[in-house]
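Based on the provided sequences and hints, a complete structural model is requested.
Sequence order for the protein chains is A and B.
Counting in our numbering, the first sequence runs from 1 upward without gaps.
Counting in our numbering, the second sequence runs from 1 upward without gaps.
FYI, nobody ran anything at the bench for these hints, they're computed from the structure.
Honestly, I wouldn't trust all of these hints.
As the list claims (entries may be wrong) - Label pairs and their calculated CB-CB ranges:
| id | chain 1 | residue 1 | chain 2 | residue 2 | range |
| --- | --- | --- | --- | --- | --- |
| 1 | B | Glu132 | A | Gly49 | 43 to 51 Å |
| 2 | B | Gln164 | A | Lys19 | 50 to 58 Å |
| 3 | A | Asn76 | B | Ile145 | 33 to 41 Å |
| 4 | A | Asp261 | B | Glu33 | 48 to 56 Å |
| 5 | B | Leu123 | A | Gly49 | 32 to 40 Å |
| 6 | B | Asp12 | A | Glu83 | 35 to 43 Å |
| 7 | A | Ile287 | B | Thr133 | 39 to 47 Å |
| 8 | A | Lys47 | B | Pro141 | 24 to 32 Å |
| 9 | A | Lys47 | B | Val52 | 20 to 28 Å |
| 10 | A | Asp167 | B | Asn149 | 56 to 64 Å |
| 11 | A | Lys231 | B | Asn30 | 53 to 61 Å |
| 12 | A | Thr162 | B | Gly161 | 49 to 57 Å |
All C-beta atoms in this analysis are idealised placements derived from N, C-alpha and C, irrespective of residue type, glycine included.
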Amino acid sequence: MGKTISEKIISEHSGREVKAGDFVVANVDVTAVQDGTGPLTIQEIQKIGLEKCINPERTILFIDHAAPSPRKELSNAHKILREFSKKTGAILSDVGEGVCHQRLVEDYVNPGEILIGADSHTCTSGALGAFATGMGSTDVGIAIALGKTWLRVPDTYKIQVTGTFNDGVYPKDLILHLIGLIGADGATYKALEFTGETISNMAMSDRFTLSNMAVEAGAKAGLIASDEITKEYLFSRGRGDKFREIYPDDDAVYERVIEIDVTRLEPTVSCPHTVDNTKLAAQLGNIKVDQVFIGSCTNGRIEDLRIAADILKDKKVHSDVRLLVIPASRDVFLQATVEGIVEILVKAGASIMTPGCGPCVGVHAGILGDGEVCIATQNRNFQGRMGNTNGEIYLSSPATAAASALEGYITDPRKVICSIADQRTYPFEKYI
Amino acid sequence: MIKQGKAWKFGDYISTDHIAPGRLFHLRTNLPELAKHVLEDADPEFASKMNVGDFVVAGNNFGLGSSREHAPQVLKIAGVNAVLAKSFARIFFRNAINIGLLAITCDTDRINQGDELELDLSLGIIKNITQETEIIMTPLPDVMIKILNDGGLAKHIEKYGDFQLV
Ligand code: SF4
Chain A
1 MGKTISEKII
11 SEHSGREVKA
21 GDFVVANVDV
31 TAVQDGTGPL
41 TIQEIQKIGL
51 EKCINPERTI
61 LFIDHAAPSP
71 RKELSNAHKI
81 LREFSKKTGA
91 ILSDVGEGVC
101 HQRLVEDYVN
111 PGEILIGADS
121 HTCTSGALGA
131 FATGMGSTDV
141 GIAIALGKTW
151 LRVPDTYKIQ
161 VTGTFNDGVY
171 PKDLILHLIG
181 LIGADGATYK
191 ALEFTGETIS
201 NMAMSDRFTL
211 SNMAVEAGAK
221 AGLIASDEIT
231 KEYLFSRGRG
241 DKFREIYPDD
251 DAVYERVIEI
261 DVTRLEPTVS
271 CPHTVDNTKL
281 AAQLGNIKVD
291 QVFIGSCTNG
301 RIEDLRIAAD
311 ILKDKKVHSD
321 VRLLVIPASR
331 DVFLQATVEG
341 IVEILVKAGA
351 SIMTPGCGPC
361 VGVHAGILGD
371 GEVCIATQNR
381 NFQGRMGNTN
391 GEIYLSSPAT
401 AAASALEGYI
411 TDPRKVICSI
421 ADQRTYPFEK
431 YI
Chain B
1 MIKQGKAWKF
11 GDYISTDHIA
21 PGRLFHLRTN
31 LPELAKHVLE
41 DADPEFASKM
51 NVGDFVVAGN
61 NFGLGSSREH
71 APQVLKIAGV
81 NAVLAKSFAR
91 IFFRNAINIG
101 LLAITCDTDR
111 INQGDELELD
121 LSLGIIKNIT
131 QETEIIMTPL
141 PDVMIKILND
151 GGLAKHIEKY
161 GDFQLV
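Below you can see the structure in the form of structure tokens.
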């Protein structure tokens, strides 16, 4: 019987042939924590006398959720990570280096590997053909110390994607549409495998957006076979030698197959307060926005900033709107500077902030006021997510967010981009 | 093991942001303090009115969202006996078992706010004393029973020096 991507990778890491439903102890290649989950990780392994790092050069501690720190308690939490790094040799990704998931795909995770991270969007790295999943502090702590974890091999949903995106419609609209279709618990405990001609032609940046949001349907992993596009990406990041082809067998067994023709998609928005509460941007009516956030591990890459810049070039953000832009990593920031995107956005009225999570998790840098509305390119719009239970968050593509920043209300981007060339033709190897 | 307490009823999709809000990020290194805000964004009165030993009873997809282990931690520290839900988000469920908080999947429709419940783990049933009914729990996988019996994952590893699960 053939294997899914999850079954292949977990078999290799557990020393036996596994199938969905099996419980195994598997070796872990890469582990990661961030400033919200890392201190508890360290505390838990200290408690049981296991404060060590079996594979320090592949253990990464990210300071991204509250970076730079807005208050002393968090500054002290950051110190815990810095000290652990000094003590064990684990790699520290400090203030300004970027969001953990972007940094992980840029520099740390390779096809065929297992990554476990104490952050739910660890599934982002699945786009590289790696089995990447989020767990809690204790699980990751034990993997840091022992280099392994226990797993239940997941059943897989195959997401078969065909067609070409129309102007103004992006992979973010696809993933929001899918979550609206199956629900925020529609794939709990499952792995998603994104496949089909649309995925084969998709740039890595967009693949990361899809895998990133797998967890918003409850999934354990969001996997994409590695191919020439993966290879080029790895080369552009200086680790082409780490490329391996990872793909499912033709006769792999899937629990469910979901087919989506993207040609039929339209700009889609998740409305408060759940990601599966999706509606078409064009049908929303006049929803005024106070804040627009373009960034996060979902859509803070250079390709996303280019789309925003194309829409905002030589224009001004609506006077009632605050536009916050956060490049997902330092390299993205640098590239945006080199390409003149930073200048375009600043002239349009944007605030550009330190690479990191920004307002996404409601700790700092853009907390909503009572009754305020934000449209954001992030992955979650739970009540209170931006630091105020009386705020409302809508989720969209960077194009919809940028168009909304211009108009002052949630806007179908096709209203403003009809004259802009097809964004998807940008060469993604433009990374520095 | 038999546990008795009162039901606090919540709806579907209670996220980790409801349980341990991101705006209280700075309290994550002070769990007893964070526990004073447990579930605050779903019911601002819950933390002050609940009694140690009470049950949190919810609908589908309890604990969706972030991987923060602080969410089950604050429920446990606040003294919640167990969380009963129709379904759980994956990471929350795993975290709960890892830290020794009972997360029980069962049909919660016939439990009302304030019902007196009795949980009998060995029989796998929840008695609704107020309504004189019994609800059957979905059994946990063996791996998780082993972790729970050892007092959580950290204790399991402390005891064996490695995984002794499968
Ligand atoms: S950007 Fe948002 S979703 Fe991504 S890691 Fe940061 S807080 Fe989490």
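Going down the list of hints, with the structure as the test:
1. Taken as a hint, the range 43 to 51 Å holds for the pair Glu132 of chain B and Gly49 of chain A, whose Cβ atoms sit roughly 49 Å apart.
2. The hint said 50 to 58 Å for the Cβ distance between Gln164 of chain B and Lys19 of chain A, and at roughly 23 Å that hint is violated.
3. The hinted range of 33 to 41 Å is satisfied by Asn76 of chain A and Ile145 of chain B, whose Cβ atoms lie roughly 38 Å apart.
4. For Asp261 of chain A and Glu33 of chain B, the Cβ-Cβ distance of about 51 Å falls inside the hinted range of 48 to 56 Å, so the restraint holds.
5. For the hinted restraint 32 to 40 Å between Leu123 of chain B and Gly49 of chain A, the CB-CB distance of approximately 37 Å keeps it satisfied.
6. As the Cβ distance of Asp12 of chain B to Glu83 of chain A is approximately 41 Å, the hint placing it in 35 to 43 Å holds.
7. Look at Ile287 of chain A against Thr133 of chain B: about 45 Å separates their beta carbons, and that is inside 39 to 47 Å.
8. Taking 24 to 32 Å as the suggested C-beta distance range, the pair Lys47 of chain A and Pro141 of chain B conforms, at roughly 25 Å.
9. The given range of 20 to 28 Å is respected by Lys47 of chain A and Val52 of chain B, whose C-beta atoms sit roughly 23 Å from each other.
10. Distance hint check: the CB atoms of Asp167 of chain A and Asn149 of chain B are about 58 Å apart, consistent with the given range 56 to 64 Å.
11. Take Lys231 of chain A and Asn30 of chain B: their Cβ atoms lie about 47 Å apart, and the range 53 to 61 Å is violated.
12. The hinted range of 49 to 57 Å is satisfied by Thr162 of chain A and Gly161 of chain B, whose Cβ atoms lie roughly 51 Å apart.
Going through the hint list in order, the structure does not satisfy hints 2 and 11.
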